[in-house]
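Colleague: The lines below spell out each chain.
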Amino acid sequence: MTTSVPHAGSGAPAAPLSMDEAADHAAHFTRLADEIASAVLGKSDVVRMALVALLSEGHILLEDVPGVGKTTLARAIAAVTDGEWRRIQFTPDLLPSDVTGVPVFNQATREFQFHPGPVFSNVVIADEINRASPKTQAALLEVMEERQVTVDGRRYPVPRPFLVVATQNPVEMDGTYRLPEAQLDRFLMRLSLGYPGADAELAIMRGDRLTAPEDLKVVADSERLAAIAAAAKRVFIDDAVYRYVLDLAHATRGHDEIHVGVSPRATVALVRALRMLVLASGRSYATPDDVKELAVPAWAHRLVLAPGSAISGRGAADVLRDVLDRVPVPAPVRHGDE
Amino acid sequence: MVGVNRVLGLAALIAAAAAPGLAVSPAYAEPDLVAVVLTGWAAAGVLVTALLHRWLSAASALVMGLPVAFAGVVALVAAFPGRAEGLWPGTVDAVAHSGARILTMALPTPVAADTLALPALAVWLAGAAGALALGGGAPLTAVLGPLLALVGAAVVNGPEVRPAYVPAAVFALAAVVVLALSADQRADPGGAATVVAADGGRRRALTRALSVGGVLALVASLTVYLGPLALYSSPFRPADLRAEVTPPEETTDGVSPLSYLAAWSAEPGERLMTVTGEEPTELRWVTLSDFDGITWQAGGRYVPVGESVPPPEFPLPARPVRTVDVEVEALPGHWLPSPGIARQVAGAHTAFDPASGGLRIATGTAEGAAYRVAGVVPQFEEETLTTAEEPDREEFAEYLELPADAPPQIAGIAAEVGTGTPYQRANRLAAHLRSNYGFDPESPGGHGYANLAEFLVEPGEQGGGGTSEQFASAFALLARASGLPSRVVVGFGPGTAVGDGGDDRIIRSGDAVAWGEVYLEGVGWAPFDVMPGDPKENGATPESETGAGADPGEAAGGTAAEEDGLFSPSNGPIDVGDAWARVGRTVAWAVAAAVAAALLAGAARVVRRRYRLAAREPERRLHGAWWELRDGLRMAGAAPRPSDTVTDVLARSDALLPAADGRPRTWALGTALNALAFMGPASGAPRVDAGTARAAADEVRTYTAALRAELPRSRRVLWWLDPRPLLWRRR
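So the sequences go chain by chain: S and A.
To convert, take the position in the first sequence, counting from 1, and add 167; that gives the numbering used here.
Quick note on numbering: the numbering used here labels position 184 of the second sequence as 182, and the sequence is numbered without any gaps.
Think of the hints as simulated: they come from the structure by calculation, not from any bench.
Any given hint could turn out to be false.
[Claimed, not checked] Part of the chain A face toward chain S, derived, beta carbon under 7 angstroms:
#	residue
1	His621
2	Pro640
3	Thr643
4	Thr645
5	Asn672
6	Ala675
[Claimed, not checked] For each label pair, taking beta carbons as the anchor points, the in silico distance ranges come out as:
#	chain 1	residue 1	chain 2	residue 2	range
7	A	Leu208	S	Asp492	25 to 33 angstroms
8	S	Gly364	A	Leu654	25 to 33 angstroms
9	A	Leu597	S	Ser211	53 to 61 angstroms
10	S	Ser211	A	Ala636	27 to 35 angstroms
11	S	Asn336	A	Leu654	39 to 47 angstroms
12	S	Leu413	A	Arg639	17 to 25 angstroms
13	S	Asp492	A	Leu54	45 to 53 angstroms
14	A	Gly134	S	Leu413	38 to 46 angstroms
15	A	Gly212	S	Ser211	48 to 56 angstroms
16	A	Arg206	S	Arg314	52 to 60 angstroms
17	S	Val232	A	Leu654	32 to 40 angstroms
18	S	Glu339	A	Ala636	42 to 50 angstroms
19	S	Gly364	A	Ala636	24 to 32 angstroms
We treat Cβ as the ideally placed atom computed from N, Cα and C, and that holds for glycine.
Whole structure, please, built from the sequences with the hints as guidance.
Modeller: If you want it as structure tokens, here you go:
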């Protein structure tokens, strides 16, 4: 299944999104999220964020201990969007061609024929990505960025929508190859499912309210997804909100506890996800609240902490929350009092 | 910013170092001049040292500043020459002796290099040390020097000088500024929040300025208001350092001035001095109060004085004042004549005895002295004199002392005086002497018991003539014998005018005269005319004009006229009860003002709330609701942070006061406000409709009322009276 998503700026300036349109798209988004949530119990926030990432053409890094439902999430996303899903278990001996596919000599045609690898599907689960060699990691990351595989000078585009859900085990780091910062920057969001709540876990054990991913209904086809993505591009973002994103970025760059702040690519990525998040909320305009909601998932993994604060045990998310608490938001009342 | 702080710090340090100078200045004859000079020294000390410290180490800067200070002393000597002649001797004298001079000179201290050098050098050193300590980042040490100097100034001032509350307040303010500035520098964090500070920084600076100003006002008012009370409600009084110091005594030449009278009477033509004054004036020369049976001696404890002469220890009216220029040609001893009791002297270094009112040249002899002197010649009223009481005998024991072996006539005459007020008794004595004894310019000198025994012959017998020497001595001793404190004064008549119309008068030996004085309670020392009949060729007697009853018509000044507030009686410069009343009034005014301000603020806030929540335009009403909610949260102690979005603020409101059902409220305000602010130009529909605005205003009104009801009673009362929300800045 290959669907092209229209790009922003590829035509006349889009008309502003009306509230009715926004509500319409949000309804579809909510149905998608609800359907997935019936397979991934008690994690509606993460499901929403994952969908936002999918629809804004981003990739997700899931950092979690094994067994909390990473694969289920990915399979559910694939199922409700009528997509294929593949899973690649990353190991130290995994070769790049095991990911991208190999050209095989066809005796009949006497030509090399490309055998697509597992990346040629709509949702790719790259399990324990940090266990593979950097070369293999780089192959996957190239596909993520380029959305195509180049073999022997020929380009093979991957299907759309294309979502890579890479997982990392944050606990067990022996014998792993840490993802370099530049490659972390390629992920739109880093999410964490975490353990389910008590009610959800009971339900999972009983299995009564739980739907298996393969039983999920297809809620939106690729056209609908493309329509949602196109609508997101027409979301209005006030200059004050842009300015607020910039202030936050500047604050991370000048912060004592942060060695390397967020890059311009990160601000662009945040705004891209912001549009989809706003649309998912059924609104036609972004507010500072949306920025605050997205900042940690979209930025925390891109920050390099200063050595001191890394030792003190504070994570990038904690530092980023400090920044959010310090930077003034744009005032809702612009022209003073009375 | 650091530069501004540095300049401010140095300025505050200068003020702190100048405070001791301001504290000592009231002790000087020209307080304003001294205050300016010493402030200049403080500024020079701070600035010169700070400048030198840029290139030199701290110790070197301090030492290298000293030549500058020394040059300053030289300049002082040039501007206000002291007792020593010449620039270099004067400088050495000023540096070496200024401390002693300050303490031994009578108040007010004259403005001269030898009285200014010590305070000047002290403020210089205080300022210099302070500047170095401030440069080294030790603000507490920086204000230590000025503080020590201030304490020194207070000690030197003693109880006589106006207490230095205002300089103390100046010092306290300056110290607060110095400490606050350096604390500020230290607390300055290392440049976080670069984007954020653009607007917030200025506001913080304003807030800080306001709070610093408040602290300063508080410190100043506490020092000025409560300082005196704290001091004078306690039995503590500052010690008088001057009382502990014995001024340098100049020995007398041993000859009683009274003894010259006989010789002068025999040779009346000898020129003694020239006196220039607007009108002829009698002069007072020496007051003699110690009689040893043979001679009257002038005792007294002379204190060096500047131009201003301190008041004597006995009552003296403020006027009439006579001013004369005196050129002494041939007076023995070191006493200087003055019209009445001297109050101001110029042109000679003099010393004054507050007990007797005598004036003396400070060093050397009176011969050749040329000076201008203004003195008070008291005028008396008959009525006051007649009713005056006898003074306390204990206090005046010195003036009642009668050596043994008095000739029997003295006791005899004294016994005949009978009873009456002191004035009547003294008058009878004077009358007795006047009518029973004759003037004899040829009579031999001497005024001891032996001479008086010859002088006081029985009425009708031969002899018994004498000069004013014997008359005055006899009168004083008779008065003492009858229980009246008395003493002898030697002086001069007005002399003879030179030429015609000129103001110059020559005083010759024949003008010398002695008279007796009796102390009358509440009046002071009253002179009595004891010379018989018309004065003969030796000229007028002072008693004829100033003597008792001679001139009763002249208005008598009240005794012990009030000084101009410079010096206060030593029993306490302030009335403690009055001061407490003043504090009470101030507090009452402050409370009244606070209440009025609170009521005004309450009215303003109620009006504003109406204006905000009932605005007709939906947009304004929505904004008004937003501000009311924020103000309410802030009043309840949960002020929204700058980083709080509308949703955050509403969530905070819910957390502070959960709704009845425990669930978050559905705020119409939140959605409407966000849409208003961030929706952009699109969508056709009105950005906010009147219904939403009314709903938002209503929910805020309900919420703030509920919030207020949750508060403790005291804060509920103050909710509407608190003026702070009127000053909270909107953002």
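Colleague: Are the hints correct? Go through all of them and say.
Modeller: Hint check results:
1. Residue-level restraint check for His621 (chain A) holds (minimum Cβ-Cβ distance to chain S is 5 angstroms; threshold 7 angstroms).
2. Because the closest C-beta pair between Pro640 (chain A) and chain S is about 4 angstroms apart, less than 7 angstroms, the hint holds.
3. About 5 angstroms separates the beta-carbon of Thr643 (chain A) from the nearest beta-carbon of chain S, less than 7 angstroms, and the hint is met.
4. At its closest, the beta carbon of Thr645 (chain A) sits 5 angstroms from a beta carbon of chain S; the interface hint therefore holds under the 7 angstroms criterion.
5. Interface restraint check: Asn672 (chain A) against chain S, minimum CB-CB distance 5 angstroms, threshold 7 angstroms, status holds.
6. Look at Ala675 (chain A): its Cβ gets to within about 4 angstroms of chain S, closer than 7 angstroms, so that hint holds up.
7. The hinted window of 25 to 33 angstroms between Leu208 (chain A) and Asp492 (chain S) holds, with their beta carbons roughly 26 angstroms apart.
8. At roughly 27 angstroms, the beta carbons of Gly364 (chain S) and Leu654 (chain A) sit within the given window of 25 to 33 angstroms.
9. The supplied range of 53 to 61 angstroms is met by Leu597 (chain A) and Ser211 (chain S), whose beta-carbon atoms lie about 54 angstroms from each other.
10. Between Ser211 (chain S) and Ala636 (chain A) the Cβ separation comes to about 30 angstroms, which falls inside the hinted range of 27 to 35 angstroms.
11. For Asn336 (chain S) paired with Leu654 (chain A), a C-beta distance near 41 angstroms keeps the hint of 39 to 47 angstroms intact.
12. A hinted range of 17 to 25 angstroms holds for the C-beta pair Leu413 (chain S) and Arg639 (chain A), which are about 20 angstroms apart.
13. At roughly 49 angstroms, the beta-carbon separation of Asp492 (chain S) and Leu54 (chain A) lies within the given 45 to 53 angstroms, and the hint holds.
14. With their beta carbons about 43 angstroms apart, Gly134 (chain A) and Leu413 (chain S) fall inside the hinted range of 38 to 46 angstroms.
15. About 53 angstroms separates the C-beta atoms of Gly212 (chain A) and Ser211 (chain S), a value consistent with the hinted range of 48 to 56 angstroms.
16. Against the hinted window of 52 to 60 angstroms, the Cβ-Cβ separation of Arg206 (chain A) and Arg314 (chain S) comes to about 56 angstroms, which satisfies the hint.
17. The given range of 32 to 40 angstroms is respected by Val232 (chain S) and Leu654 (chain A), whose C-beta atoms sit roughly 37 angstroms from each other.
18. For Glu339 (chain S) and Ala636 (chain A), the hinted distance range of 42 to 50 angstroms is satisfied, since their beta carbons lie about 44 angstroms from each other.
19. Distance hint check for Gly364 (chain S) and Ala636 (chain A): the Cβ-Cβ separation is about 29 angstroms, which falls inside the suggested range of 24 to 32 angstroms.
In this structure, every one of the numbered hints holds.
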